[in-house]
Structure formats: structure tokens, C-alpha cells
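K.L.:
Protein chains in written order, with my numbering: chain Y, 1 to 244; chain S, 1 to 244; chain F, 1 to 244; chain G, 1 to 244; chain B, 1 to 244; chain V, 1 to 244.
One should not assume that every hint holds.
Intra- or inter-copy, both count: the list cannot distinguish identical chains.
List time: in silico EDC-like cross-link candidates among lysine to aspartate or glutamate, alpha-carbon distance up to 16 Å [said to hold, decoys possible]:
| no. | residue 1 | residue 2 |
| --- | --- | --- |
| 1 | K221 | D169 |
| 2 | K221 | E193 |
| 3 | K231 | D171 |
Note that these hints are calculated values from the structure, not bench results.
6 protein chains.
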Amino acid sequence: MRLLVVNPNTSAAMTATIAAAARSACAAGTEIEALNPAMGPASIEGYYDEAFAVPGLLAEIAAGEARGCEGAVIACFDDTGLDAARALAAIPVVGICESAVHLASLVAGRFAIVTTLARSIPPLETLTRRYGVADRCRVRAADVAVLALEHPTPEARGRLLEQCHRAIDGDGAEAIVLGCAGMTALAASLAAELGVPVIDGVVAGVKLIEALVGLGLRTSKAGGYARPLAKPYLGLMEPFTPRG
Amino acid sequence: MRLLVVNPNTSAAMTATIAAAARSACAAGTEIEALNPAMGPASIEGYYDEAFAVPGLLAEIAAGEARGCEGAVIACFDDTGLDAARALAAIPVVGICESAVHLASLVAGRFAIVTTLARSIPPLETLTRRYGVADRCRVRAADVAVLALEHPTPEARGRLLEQCHRAIDGDGAEAIVLGCAGMTALAASLAAELGVPVIDGVVAGVKLIEALVGLGLRTSKAGGYARPLAKPYLGLMEPFTPRG
Amino acid sequence: MRLLVVNPNTSAAMTATIAAAARSACAAGTEIEALNPAMGPASIEGYYDEAFAVPGLLAEIAAGEARGCEGAVIACFDDTGLDAARALAAIPVVGICESAVHLASLVAGRFAIVTTLARSIPPLETLTRRYGVADRCRVRAADVAVLALEHPTPEARGRLLEQCHRAIDGDGAEAIVLGCAGMTALAASLAAELGVPVIDGVVAGVKLIEALVGLGLRTSKAGGYARPLAKPYLGLMEPFTPRG
Amino acid sequence: MRLLVVNPNTSAAMTATIAAAARSACAAGTEIEALNPAMGPASIEGYYDEAFAVPGLLAEIAAGEARGCEGAVIACFDDTGLDAARALAAIPVVGICESAVHLASLVAGRFAIVTTLARSIPPLETLTRRYGVADRCRVRAADVAVLALEHPTPEARGRLLEQCHRAIDGDGAEAIVLGCAGMTALAASLAAELGVPVIDGVVAGVKLIEALVGLGLRTSKAGGYARPLAKPYLGLMEPFTPRG
Amino acid sequence: MRLLVVNPNTSAAMTATIAAAARSACAAGTEIEALNPAMGPASIEGYYDEAFAVPGLLAEIAAGEARGCEGAVIACFDDTGLDAARALAAIPVVGICESAVHLASLVAGRFAIVTTLARSIPPLETLTRRYGVADRCRVRAADVAVLALEHPTPEARGRLLEQCHRAIDGDGAEAIVLGCAGMTALAASLAAELGVPVIDGVVAGVKLIEALVGLGLRTSKAGGYARPLAKPYLGLMEPFTPRG
Amino acid sequence: MRLLVVNPNTSAAMTATIAAAARSACAAGTEIEALNPAMGPASIEGYYDEAFAVPGLLAEIAAGEARGCEGAVIACFDDTGLDAARALAAIPVVGICESAVHLASLVAGRFAIVTTLARSIPPLETLTRRYGVADRCRVRAADVAVLALEHPTPEARGRLLEQCHRAIDGDGAEAIVLGCAGMTALAASLAAELGVPVIDGVVAGVKLIEALVGLGLRTSKAGGYARPLAKPYLGLMEPFTPRG
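Bound conformation, chain Y alone (with noise of 0.2 Å):
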């Protein structure tokens, strides 16, 4: 089994982690191709940060699924560009803050998710409400900038702790979700310290898409995820042709 695993924003070291952490929780047979886009931000911190990030993340998408992989990972917790790359390709596609809800919701009653900045609380919150388990879910933010988790100093470790024990201890939280790709390699580290399943999005997102890869499920075509329609694109905004 191929898959892809695209980090939407331009940080080749937040990559090298992502396929790391990917390599390490897929099955025996399965290569992963982990990559990033050429154009797009070096983080995805907010809606603005977002928006520029998805057109080259849909080039990779659908470059990947033409060079034969089966499934795609989008490895940003924002699940940025989810519905188009849903809607672009055949292949599966999946979001690493759906992935860890779904798998929260099989070992948890209440959980929290902990992400980094403030400004991603209020996305966060509409992706629970979407994903149905808003009135089981709070998201609590350490204040650390993303790029800051390449090699976080102890300092922001401490911060990303105490918002999970506030969220075991205040909030009921029985299980705790990483709200960014960039905290993949922390997750063993504080599950063994707080005592409770730490779920990180990355290695959810693989099992996912292996999941439905294996039982070969597709994204549906009878509804808003219909193919693209041919039409005239203009500018340099879609370097590859859509499948209309």
C-alpha cells in the first residue's frame, strides 16, 4: 500500500518529523510518501495562514494520486483543505484532527484537544462541532508557536503539560488529543507521564487511511464531493488540470 502524507505548510523539518512519526505507525507493507508543497506558508497558525496553504497542497494531492498512491494523510490539525482535496481526488483522503476525534471517541468518554496559539481555538471548535462531539470536547491552547515544537525547550513543554493536567483535572478530559503535527514526537513522553491515552493526529490519520484503503473505500461522488467541473482556471492558481 502507497500513501501520502502531506504537511500543507513549507517546513521541511515539521516534514521530516511528520514521516517519522508516519513510518512509525503504519503497517509493514505500506510506504509513505511524506512531503510538503513548494508555495504555501512556513506554518499554519490561523484562517489567513490556511487559505494560502491549500493550493499547493491540492497540487500534491492530486500529483500524488497520479503517481499511484491510494490514500492521502492531510498532516495539519486544522484538517486544512479537507473538503477540496476530498472533492478533487478518488483516492481517500483524510484529516488528522478527524482521525484523532474519531479514535478519542473509541477510548474516552470527555477528551480534550491542546493545541498551540489562542487564534486556533476558535477553527478548532468549529472542526468539533462538525466532527459531532463539540459537547464532549474542549480545546485548551499552551501558547506555543508551531514552529517552536521542532525543538521545544522545556519551558514549552511545561506549558503544553499544565494545559493537559487543567483539562484531566478541571475538565473531566480522560483522554487527551494533540492539536498540531508539530507535537507527534512529544506524545509518548505524556501519555507515560499523564497517565491517560495521548492520541496524535499524525498516526491516527495513517491507520485511518490504511483503514480505508484496505477495505477499499473511496470518497463518495454523489454529493458535495462530486468531481471538479471542467472550467477555465485563470492565473497561476491551479497548475494541474482537474478531472471535470
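For chain Y, the structure is supplied; the task is to place chains S, F, G, B and V on it using the hints.
P.N.:
Same frame as chain Y, but now just chains S, F, G, B and V:
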């Protein structure tokens, strides 16, 4: 008052229709700058087209703000790029879907959105849930392409009318919201024919942005709409400087 | 444009404050008729006062419509009698709570309503659920009586400010909605002090009714707001003729 | 036990029907005082009629409490004036819509409310949302005027029955709630004919108020139902003294 | 009237307490048969205990119905086995959690459930969502074991009281629901101390089943509560004949 | 990896079908132990059957865990006993309904569950609300008994197909979830015929439990799934020792 109305697709004919509607609705002292980006899809029909419309849209929002526009309307019923535009701009920004459903809820209990293609129902249902009107608003599609609305055939208008009647007679809709910017010229004749309020998002958006500007209300920068942080944007995706 | 603004309590001082706010906010050509009924409670603090304010309010709505007003604002934050007024009148009618929360949702994600007495929290929470914003809006009370707002002491203003700060810092509110018509004069100074948008319902209501009248939108008569049926009304309760 | 049952409209014939139903349902030792205000509309069909029924209703609640009634039922299916009555009285007060839906949810999963006129659907849907049963209860109208229920023609009864059958066969309703106090005499024959539980609000309200009085439970005065504050009430609207 | 009250755990002391409460609350002519199964857990603290309590509970429901009981109360606050009991029996069956929250919603806006152990919070939150009161009811735990309620120490009672105070002062609760059948004897003294209504599910259940029986209302057999179909039940799990 | 798949009814033929499906879907290195309890109902059709299936199911979960199974799937679409099994076991446990709806939500917007008998609609609707997909998923019944699925007649398959078509054409379903473990063998042929994804819960459950086990995620013991407390269990109901 100087207002920006951006048609996020690249169809100049639709921009002209939108401009005419906006000017017919604005207050005496209001100046409308209606335009569309130079890059992006010819029409927005589903998630994929949305993704490619956003960068050009944001460029126009930034440029409009820079040259003195005091508020902006995004004239696509998917409220394409709305969150990103709010994060980018200091001036207030409204979408035409949100504007229409807010006004509809002031003149009716239940109401319906009648849109173009079936593929647009899921994204619009996502919006009605976000805007808190899902339990009073059903979305219906008339199976008419967006660009076919420029010069609608009697048959296309008939299909639109049929869905309006089904909404009123079958769903208990007390008002109709037109689910595409391209329908703006049809509002008056449909209202006369149907006997219930017919709300067009373009003029609704103009009145609501006039309200916000008139009251000096601007997007809060305290949460998810905080200014984008300064960071590298690789490639051609970012033709203007975010005010980090 | 000629608009009616009814303060449904019988405090003439509050009516004067409301009138001033309404006139400061309306468009150049708009004429504001601000008044209060001759009968009813001196202030509206809870469900009981609301009940006795409604008949006098409806009489004023009917009289205003009869003498040519084109739209009406009910200037009590409980949106007292709003449904009945919509059923009675052919002209559009808005409440100041619904107006404020609609505008707030255009400039902020989460926001808070700060009202007067704790007893008003439950009715306002019922309204936020009806208006579809309960998951993004918390209601707080400052423990200040309605009539104490006419000449608020520094101590009363301080209590109001404290609740605003708690909402912003503790609840993640990105904007403040003033939860009483009597707070209208405080909006500008609070906004300056708090650094987030502060939305007053009186001016919000004026702008929204201007929008509806400007667009020719009237309350739908197809459902719950159908004209009252002709029938006997015994006693002194009905000083005007319903148009059955 | 001495209970007050107020029909908030001024139709004496309907009050007699309600009284008979209440007496048939109450416990052996219970005394029913069934009455209607001297002022107000002849029937309650929509928001406007509700508004004019409330002051007279509240006067009767206050008088009933003063002369020793221990609990009160508001016998209009719109639960007219219920919140205000709870704030006014020390004795517990229930509405017949809330009573019926609470009992219905004890004997059925999905159920339906079948009411009189289409204009009553929106206010009843608002109630089903408030009472937390909207996802299991649909509201249907039989197009029969309230006062026509005093001596229903076979044709009117047929229309009612047709909506019951549609609810059971089409909506999966497992029980029927009669959506008007004037339908109380029809409950037994409809239940026999339909083969599912048929719940009448009048008798449901009597049993629930008996339950509350029997257990010594009174309306909490800690929140929104706090006693009205003492203040001037101008005009003829307030014929009794609130206990501030 | 002859009513069955089943304590689904096997603690005879708790059954005696429940019986006393039920008898103190029922009408003059009502005969209470209070009992517990011979098999099952000594107390029900969480999902696992529930599962083992159900078969014995159902056997008692079937036996009670067979010997002439006209209605049944399941006296465990988890509403253990309620759906299965409703499917099994022709007579109406109520749980004490649903009974308590229905009555609480008649005398208060917001209210709180105060239960025993933290592990019971998730199942009770699931119930408050099912019963439609989740947005007005918070669940709190006092960290007191169920069987410790038989002779509560002052320290245990103090912890219970502390949670009640936090609910009233911090959450805006206007009434307290006791979240365990074993708390029934504490209701009166807590109500006196707290100054708000305190609702015990055991007596609430008795009054609601009296109401249903009094009105001749039985569980609908039209949907999910249809009679069990005749089929083989292997092993020792089914000591009575389902009426297929 | 060694996985337990428990069919909670006592039909060995259905267990064989489930085993075959599970083995066809699992990864190369996975060993499937598929079995059913020796005690309990021959099929699970409604709440009553569920209750009697749970004790035997739990015994199998405990035995499977004791002999080294690393994860468990409960292969009944009612997710029978799922919460109790999660509390009992240290290994992760998933139900096939939750598994199917999680995967369905990754490949479709709206979708439908098509189940066997109408009596199963209410319990499944309760599950879709718990799992947060009620607003995008409708439940339909084909009127086919569970055991009739072992060798479905063309007429039975036709009824199933008809409900699938109604869901797709009438409800806007973009995918079909098979609402009974006994339908697993029909998935492939239905998907081919319908042209949309068809999701079977048995294979979905296998892939999700593989994902959890692969990632080392186990049920959180911090909340409602805490280990059962040690206590007496009277009678024959508890054939194994809970690990208190």
C-alpha cells in the same frame, strides 16, 4: 462611505450583475467598488473551486482596504474565504450567505435556501449549522449551473421556482433565500410571484456592511481573527504583505 | 424613512436616552419616533414585567404603523413582545437582542452578553438558544438595576466592567454585547477601555430595521406571523383593532 | 388538595370542557377550581392572542394563590404566560404542553403533536426545542379552528385523525399529543381508534401539578423565577399587587 | 393502585430506604411493592454493574406485572434497564433519573444533578442529553460510595453539601436533583439547608408512575418498545417467558 | 496481533459469517478469534434481546482478554454492552455501529443506516445522536428479520435495496451503512449495484481495533470506564471475577 464588493469568481458578467444589485441597494452616500480577482475559477461550484478562489479574493480585500475601502462584502453564497478575510483585514467583512440568513431570520420563522447545483447543498448545510439556523432552514438545489444564471432560460427559472414552491408548500418555509450571487436579478420577480419575502444575499450583505461601518464596528482581533503573524510565504501564493 | 423605536417600559428618561442613541446611529434621511407606552412597568426586569409591558407595546406598534412608520424597533433587550408584534404589524419589526447578536456574530467568534440582574440571565439564555448563538455566547449579569443605569455610579460601571473583563479573559469572548437598552450611552467608553467591539442593541436594531425597510423586506405572513384572526377581545386589554 | 386550572382564553364553553377533564383525572381528595379570565381573547390562535391573554391569566393566578390554591395549571397548549406565572406565584405552576410532552416521553420514543391551525406550528416548535424534545417530536396542524373544537364536525375530526395517521405511518410517531386544550374530550376515542397512546395536556397537567404539590415542590426563586421587584405599573394593566 | 418499585441492586438495606420513601410519597390508595432482585451487584456504580443488574431487574418487572402491578419504577439513578423493561412490559415503567429531571424542569431553569462517584458522571451526562436537559443541567459527583449512603457520615454529607453549594453559586443551579436512590432520605434536610428545591428521583418516579397509571397511559408498542419476538434464549439468562 | 470478535447473539451460523468477513479484512499478521457466547438470545432485535446478550458477551470479553487477545470487536450493530465491556477490559473495545459511522463520515457527507426491523430504528437513532452524526445520518429499516439474513431471499434483498435507493435519492445519502452484522456478506454486491460506498460495521470494526492496538491506545480508566469496583455479585449472573 466606500465599500468593496468582491465577486470571488472571475466572471466579469456576474460581477456586473452584482455591482448593479449592490448599487441599487446601498445608501445615497455609499460608493460601491465591485470587482473580481484576475485569477481563480470562472464560477464557484463546490469545495474545489472555493479553494482556488480564495488567494485572489484575499488579494483584492487587502488592496481594497489599502486604498481606503471601509468595509467588504464577499459576494459568493459559499461565504468563500470569509474567515481568512476577517483575519487579514482591519475593516469589517461579511459574506452574503450569513447576511441573507440573518435578515431572513428577522422576517420569517422557517425559511429555505434555494441554490444552483446539488453539490452545493452540503457546504451550505455546513454553513447553516455554523450560523445557528439549521433547525429552521432547509437547503434545496434547482439543478441550474451558476453561469447559466447570467441569462436564465425560462426552463431554468421554472426549476428554480419549483423548488421555491416545494419549500413553501412542503417544508413550511415562510421566506426564500436565493442561494447564489448570480440570482440577485431574479429576487423581485420571484417575490412577486411567490407572495413571501425573497432575500438576496448581495443586497443583504451591502446593508449589513453599511450597518457595521456606520456603527464603527470592526472585526475583533482578540481571538481567531487575530492579525496573521509575519512569516515566510514561499512561491507565488502571496502577492501582498500581511500586516503581522 | 420613518422608523418607530418603542421603549416598552414606561420610563421617559430611558426613552430619551434610547432616542438619542437611535438618532445618532440612523442614516441622514431617517426620522426616528422614539416613545414608550403610557401603561406598563417602569422597567423590565424578568418575565413578569415583560408580560405587563406587551399590551401597551403592541398598541404603540399598531399606532405607529397606522400613522406611517415603515419599520419598528422594540428597545428592550428581552425582545419583549417581538413575536406578537410581528404577527400584528405589516411593517417589519426587530428586537434589540436579536439585532445585537446578529451583528456581534459578524465581527467576532465567541462573544458575551453582559446584562443587569441575575434574574435576566435565564430569559436571555433562552433567546441565545432561539437565535442559534448559544454555543458561542455566554450571558453574565453585573448586578445593576435597570433604572440605576440612567445615572450609573462609578461603582455600578465598575461592576459592569468587571463582568466584561471576566468574559474576555475567562470565557474567550472576543466582543461584548450590552444586555440592556439602558446601557446604550456606555458603549463608546467601554469599547475604548476594553479594546474589543462593544455592541449596543439599540443602534444595532436601528441599522437592521433600516436594512429591512431599505430592501423592502416585510415579515412573512405565511406561517406563525400570520395576521391575527378577527375575534372578540373582552375587557380593556385591546385598545386597537387587529386587522384580521 | 386545591388546584387552580386557568383557561387563559375567555371562552366559557371551553372552560367547562377543561373543568370536566380535569375533574375526571384528579385524585379523590383534589378540588379543581377551573375558570377563565374576564378579559382577553375568545381563543388563542398565535402569538398575538397569547399576548392579550397573559395579564388576565396572571390576575387569576394571583387571586387563586391568595385564596389558597396550592398549584396551578395553565390550560392553553402554547403554555401562555407560563414563565411570568412562575415568577409571580409561590405555588408551582405547569403548562399543558410541557406536561403532555413530559408524559409522552415516558411512554414513547418518537411522538407527534397534532394542533389546530398552521400558524400554531412555529410557536409549538419553539416550545419543543425549549423542552428538549424537538428531535423526537414533530408538530402537525389539522386546519381546525380552536372554537370549532367545542362541537367538532365529523369532517373536522376526520382532518385531525388524518394528521394522526400521517404522524404514525409517515413520521414514525409512537404516540400522539393533542395540541390544544379544546381537544381534551377527543382523547379516549382517538386512542381507541389509533392504537397508540394519546396524551391530552389538560389531564397531564393536573397529574403533574398533583405530583409537585404532593411532594412539596415549589418553583425555585433562585434564578429567572425570582419574585417580581416592587415598582410602578402605570395604566390599567396591573389589577393586583406583585409581592416584591 | 398497585405499583412495583424495583431497586435493581441487591442491597436490602437500600431497598428498605427506597420503600419508605416511596410509601411516604404515594397517594392514599396506592400499594407499593418495593423489592430487589435476588441476583446482581450489591450496588450499581458504573456501566459494568448496570449490565449485571438488568436480567434480575427484568425478571422482577415480569413477575410484578404477572401478579397484577399496574406500573413500575426502576429505582436506580442510571435508569438501568429502562428501555428493555419498557419493551418487556405492557404496564408503564419509569426510571428515577428521567422522573427527577422532568419534575426539576417544572420548578427551575438551570439545575444540577449531584451524584456519588466521578465514574457515574459520564453515564448520567449521556442521560441528560437523551432527556433533552443537557444545556440546563450539570452533573457533579461528591465522591461518596453508594453503600456509604446507608448511614452517611457527617463528612460524607458535607461533601455532598459542598457540591450542592458549588452548583448553586458557581453554575447558576436553581434546584438540586439527588443523583442516587440511596440519597432519598437526605432530601428534606438538604432542601431546608439549601433554600432551593431538592428533587429525589424515588418519590418523583412514584408520582409520575401514579400519573401514567391514573391516566391509563401505557408504553406504546408501535416502535422501539414493541414486544420482544419469540426466540430461543440459551443458558440461564432468561428465567421467564417473553410475551412474543 | 490477536483480536477477539464477539457476536453477542448465540447464532453460530451468523458467527461464521462474521468470522469470514473479519478474516477477509484483517491485516496479514492478525489472528481473529470469532465466537459467540453460550448463553443469550439467538438474535438481537431490540432492547430486550440486548439486555440478555450482555452478561454472556462480557464473559467472553473477559476470557478473551485473559488468554491474550489484544483488542475486541462487539459484532452487533446495536453496540450491545459496549460501555460495560470498556469498563471491564484493559484492552480496547469497539462496536460495529460506531466503527461504521466513523468510517462513513470519512468518505461521505450525508449517509444512511439501513437496518433490519423497524423496532431497531429508535435504538440506532439514540446511537447516532451519541456518536454526533444524527444531523447527517438517517436510519431506515428494510423489514427483514436478523436471522433471515443468513440466506436472504431475493425478495428480502430487494427490500434492503429499495431502502438504499430511497436513502440515496430521497434523503441525499452519499453512502450506505449496513445496519446489522448479518448483512456483511452483502456489502460488495450492494456497493457495485448502488454506485456509492457501502460500509459494513464488522470489517470497519476490525480495521479500527487494529488501528487502536497498533498505536498502543487503550480505553482510558480516568472516567466512566474506570475498572469495576470489587463488590458482591449475587446469583448466577457473574461467572468471572472483575478486576476491582
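K.L.:
Work down the list of hints and note, for each, if the structure agrees.
P.N.:
Taking the hints in turn, this is what the structure says about them:
1. Within a single copy, K221 and D169 get their C-alpha atoms only as close as 44 Å, which misses the 16 Å cut-off; across copies the closest is 14 Å, which meets it.
2. Proximity of K221 and E193 under a CA criterion of 16 Å is satisfied inter-copy only: 15 Å between copies versus 44 Å inside one chain copy.
3. Proximity of K231 to D171 under the C-alpha cut-off of 16 Å is found in neither arrangement, the shortest distances being 49 Å within a copy and 29 Å between copies.
Hint 3 alone, counting from the list given before, is not met by this structure.
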